[in-house]
Amino acid sequence: MKKRSIVPYGPQHPVLPEPVHLDLVIEDEKIIEAVPSIGFVHRGLESLTAKRDFNQMVYVTERVCGICSFGHGFGYCEAVEDIMDIEVPERAKYLRTIWFELSRMHSHFLWLGLLADGFGFENLFYQCWRIREKILDVLSLTTGGRVIFSVNKIGGVMRDITPEMAVAISEMLTSVRKELKDIVPIFMEDASVKRRLVGVGVLSKEQAHELGCAGPFARASGIEIDMRKLGYAAYKDLDFDIITSNTGDSYGRCYVRINEIFQSIDIIRQALGKLPDTELAAVVKGNPKGESFIRIEQPRGEAIYYVRANGSPHLDRMRVRTPTFANLAGLCETLKGADYADVGLLILTIDPCISCTER
Amino acid sequence: MSEEKNISENTGIDDNKAAKNKCVIEEIDHRDLLKKAIEMKRQGYRLSQACAAYAEGKLELSYSFADDNNYGYTTLRLVIDKETEIISLTEIIPYAAFYENEMKELFGVNIHMIEPDYKNKLYRITKETPFIPKEAE
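Just so you know, the protein sequences line up as chains H and Y, in that order.
Heads up: the first sequence at position 64 corresponds to 64 in our numbering, and the numbers run straight through without jumps.
In our numbering, each number is its position in the second sequence, counted from 1, plus 1000.
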């Protein structure tokens, strides 16, 4: 009879960027079952609604995570604007879209670098993060912040993109597209990289649906779902397709994210070309009363913002369901039958954001 | 307005849907939860989130289901007392375990037959039911 052991994995582990713990039931180096636990850096940000008013909560939600920061502030603002029936000016919608796509780009580059580091290709890791710096420079130029921008407010945005800034963004996009094209063959065609990704951690389309997976993780299994197709912000005026892969493995997840970077470049170019000339924010009066569920597409997938307000400055409840939380079940499934040596890489392929999950 | 005019020429996004990003909230009795969830699952809906809120001495539970083909969104809403027992959805939707364990650990929702029940170990936090105000405990 094969011997079964339980191996604790994390919360502190060299391959994990953030603390998450898995109890791995293994049999001859093969994973039989994975039981996750989280909460090591839980901050209770949702419960801050009792101490901060609904305007201050924009800054709180932006601090749910350093990588998805813009999306969290945006999703929260959309929910409150929905409750208060605020019509956000068109220019603000376009600016939000541009910053959101820049965030997606830097998040995907961050992930590509971590993946390269995960399979032991340090030079590729440095290349990805070097290219990412160019996006952060443009974010710093247009918002004043590299990862936490604080440009969203209820009713619109606080900063504008000037024509000079638009030129800087456009030049950065040209440069990033060229440099990404140079490294794509390494991720997609290099034999040693493919050996670590192809056929590893396969999740079928049916499994991904049954397990409620979200984002690039689900799209890599062939599920054609992208919340940007709901048409919030300026997305309803912009042309883009949902990028999917049918392989369902780690290679497919890499393929989807690489192509989403190219897609973001196209979306930003479209948005810059159509930038309307309106106010940056609507006038907001009174306090919100009511409730709203808003879904948006964060770099890691569908994020849900639930806000319930009682007419006072303090909300009854603010809840964020992050994509990583939705993908935990899928992660546990992909780990079943995997080699112990692939665990770190498989955790990375869902692009886990524990800060988001520990909001 | 004809149906064609509602569809954006560029993106294929239904403008009615795009303008809304809205959720339909359906209030149900807690005894109907399992029946309703089975119905939603049969219609191809995906459980996209479940969460609790505490307001006016009651627990409000929201189970949100997404129709990924049409981007529809429906939330089943239950308003219950803190002691009321809720049946787990894990038998029909296994990954509901994460949401249910979270509601149980943070709000103390009395959910019966969660599989697996992490027994207050999903979140490694020391305080019990931290999202329930002190006066309500």
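These aren't lab readings, by the way, just hints derived from the structure by calculation.
Computed from a prediction, not measured in an experiment: that's the story for all the values here.
Just so you know, not all the hints are guaranteed correct.
[Said to hold, decoys possible] BS3-like, lysine-lysine: derived pairs with alpha carbons at most 30 Å apart:
1. H:K51 <-> Y:K1022
2. Y:K1121 <-> Y:K1058
3. H:K205 <-> Y:K1041
4. Y:K1036 <-> Y:K1058
5. Y:K1036 <-> Y:K1082
6. Y:K1036 <-> H:K3
7. Y:K1121 <-> Y:K1041
8. H:K336 <-> Y:K1121
9. H:K2 <-> H:K30
10. H:K336 <-> Y:K1041
11. H:K51 <-> Y:K1058
12. H:K153 <-> Y:K1022
13. Y:K1041 <-> Y:K1058
14. Y:K1035 <-> H:K51
15. H:K285 <-> Y:K1022
16. H:K289 <-> H:K274
17. Y:K1134 <-> Y:K1058
18. H:K178 <-> Y:K1121
19. H:K51 <-> Y:K1082
20. H:K289 <-> Y:K1121
21. H:K194 <-> H:K153
22. Y:K1119 <-> H:K289
23. Y:K1121 <-> H:K51
24. H:K30 <-> H:K153
25. H:K194 <-> H:K336
26. H:K205 <-> Y:K1036
27. H:K3 <-> Y:K1119
28. Y:K1082 <-> H:K205
29. H:K2 <-> Y:K1121
30. H:K274 <-> H:K51
31. Y:K1041 <-> Y:K1082
32. H:K30 <-> Y:K1058
33. Y:K1035 <-> Y:K1082
34. H:K289 <-> Y:K1134
35. Y:K1041 <-> Y:K1022
36. Y:K1134 <-> H:K205
Going through the hints against the structure:
1. With a CA separation close to 28 Å, the supplied pair K51 (chain H) and K1022 (chain Y) stays within the 30 Å bound.
2. Using a Cα cut-off of 30 Å, the hinted pair K1121 (chain Y) and K1058 (chain Y) holds, with the two alpha carbons roughly 25 Å apart.
3. The suggested pairing of K205 (chain H) with K1041 (chain Y) holds, with an alpha-carbon distance near 16 Å, which does not exceed 30 Å.
4. A hinted pair counts as satisfied when its Cα atoms are at most 30 Å apart, and K1036 (chain Y) with K1058 (chain Y) qualifies at roughly 22 Å.
5. Taking the CA atoms of K1036 (chain Y) and K1082 (chain Y), the gap is near 22 Å; set against the 30 Å cutoff, the hint holds.
6. In summary, the hint linking K1036 (chain Y) to K3 (chain H) is not supported, as the alpha carbons are separated by about 43 Å, beyond the 30 Å threshold.
7. Between K1121 (chain Y) and K1041 (chain Y), the direct Cα distance comes to roughly 28 Å. Compliance with the 30 Å bound is thereby established for this hinted pair.
8. A hinted pair counts as satisfied when its Cα atoms are at most 30 Å apart, and K336 (chain H) with K1121 (chain Y) qualifies at roughly 21 Å.
9. Among the hinted pairs, K2 (chain H) with K30 (chain H) is consistent with the structure: their alpha-carbon atoms are about 11 Å apart, no more than 30 Å.
10. Distance hint between K336 (chain H) and K1041 (chain Y) is fulfilled; the C-alpha atoms sit about 25 Å from each other, no more than 30 Å.
11. The straight-line distance between the Cα atoms of K51 (chain H) and K1058 (chain Y) is roughly 21 Å, inside the 30 Å bound, and the hint therefore holds.
12. Simply put, K153 (chain H) and K1022 (chain Y) have alpha-carbon atoms about 21 Å apart, close enough for the 30 Å limit, and the pair holds.
13. Proposed proximity of K1041 (chain Y) and K1058 (chain Y) is supported: the alpha carbons are some 27 Å apart, at most 30 Å.
14. Of the supplied pair hints, the one linking K1035 (chain Y) and K51 (chain H) is violated, its CA atoms being roughly 39 Å apart against a limit of 30 Å.
15. Proposed proximity of K285 (chain H) and K1022 (chain Y) is supported: the alpha carbons are some 22 Å apart, at most 30 Å.
16. Simply put, K289 (chain H) and K274 (chain H) have alpha-carbon atoms about 34 Å apart, too far for the 30 Å limit, and the pair is violated.
17. Restraint check for K1134 (chain Y) and K1058 (chain Y): the C-alpha separation of about 14 Å stays at or below 30 Å, so the hint holds.
18. Between the alpha carbons of K178 (chain H) and K1121 (chain Y) the distance comes to roughly 47 Å, so the proposed pair goes past 30 Å and is violated.
19. For the hint pairing K51 (chain H) with K1082 (chain Y), the CA-to-CA distance comes to about 24 Å; that is within 30 Å, so the pair holds.
20. Simply put, K289 (chain H) and K1121 (chain Y) have alpha-carbon atoms about 35 Å apart, too far for the 30 Å limit, and the pair is violated.
21. With a C-alpha separation of about 44 Å, the suggested pairing of K194 (chain H) with K153 (chain H) is violated against the 30 Å cut-off.
22. Between the alpha carbons of K1119 (chain Y) and K289 (chain H) the distance comes to roughly 36 Å, so the proposed pair goes past 30 Å and is violated.
23. As the CA atoms of K1121 (chain Y) and K51 (chain H) are separated by approximately 27 Å, the hinted pair is consistent with the 30 Å bound.
24. In summary, the hint linking K30 (chain H) to K153 (chain H) is not supported, as the alpha carbons are separated by about 49 Å, beyond the 30 Å threshold.
25. Annotation: proposed proximity of K194 (chain H) to K336 (chain H) holds, straight-line Cα distance about 21 Å (limit 30 Å).
26. Simply put, K205 (chain H) and K1036 (chain Y) have alpha-carbon atoms about 25 Å apart, close enough for the 30 Å limit, and the pair holds.
27. Restraint check for K3 (chain H) and K1119 (chain Y): the C-alpha separation of about 27 Å stays at or below 30 Å, so the hint holds.
28. Of the pairs offered as hints, the one joining K1082 (chain Y) and K205 (chain H) is violated, with about 38 Å between alpha carbons and a cut-off of 30 Å exceeded.
29. For the suggested pair K2 (chain H) and K1121 (chain Y), the alpha carbons sit about 29 Å apart, so the restraint of at most 30 Å is met.
30. Between K274 (chain H) and K51 (chain H), the direct Cα distance comes to roughly 40 Å. Violation of the 30 Å bound is thereby established for this hinted pair.
31. With a C-alpha separation of about 27 Å, the suggested pairing of K1041 (chain Y) with K1082 (chain Y) holds against the 30 Å cut-off.
32. The hinted pair formed by K30 (chain H) and K1058 (chain Y) fails the criterion: a straight-line CA distance of about 46 Å is larger than 30 Å.
33. With a C-alpha separation of about 22 Å, the suggested pair K1035 (chain Y) and K1082 (chain Y) falls inside the 30 Å cut-off, and the hint holds.
34. For the hint pairing K289 (chain H) with K1134 (chain Y), the CA-to-CA distance comes to about 25 Å; that is within 30 Å, so the pair holds.
35. About 20 Å separates the Cα atoms of K1041 (chain Y) and K1022 (chain Y), which keeps this hinted pair within 30 Å; it holds.
36. Simply put, K1134 (chain Y) and K205 (chain H) have alpha-carbon atoms about 45 Å apart, too far for the 30 Å limit, and the pair is violated.
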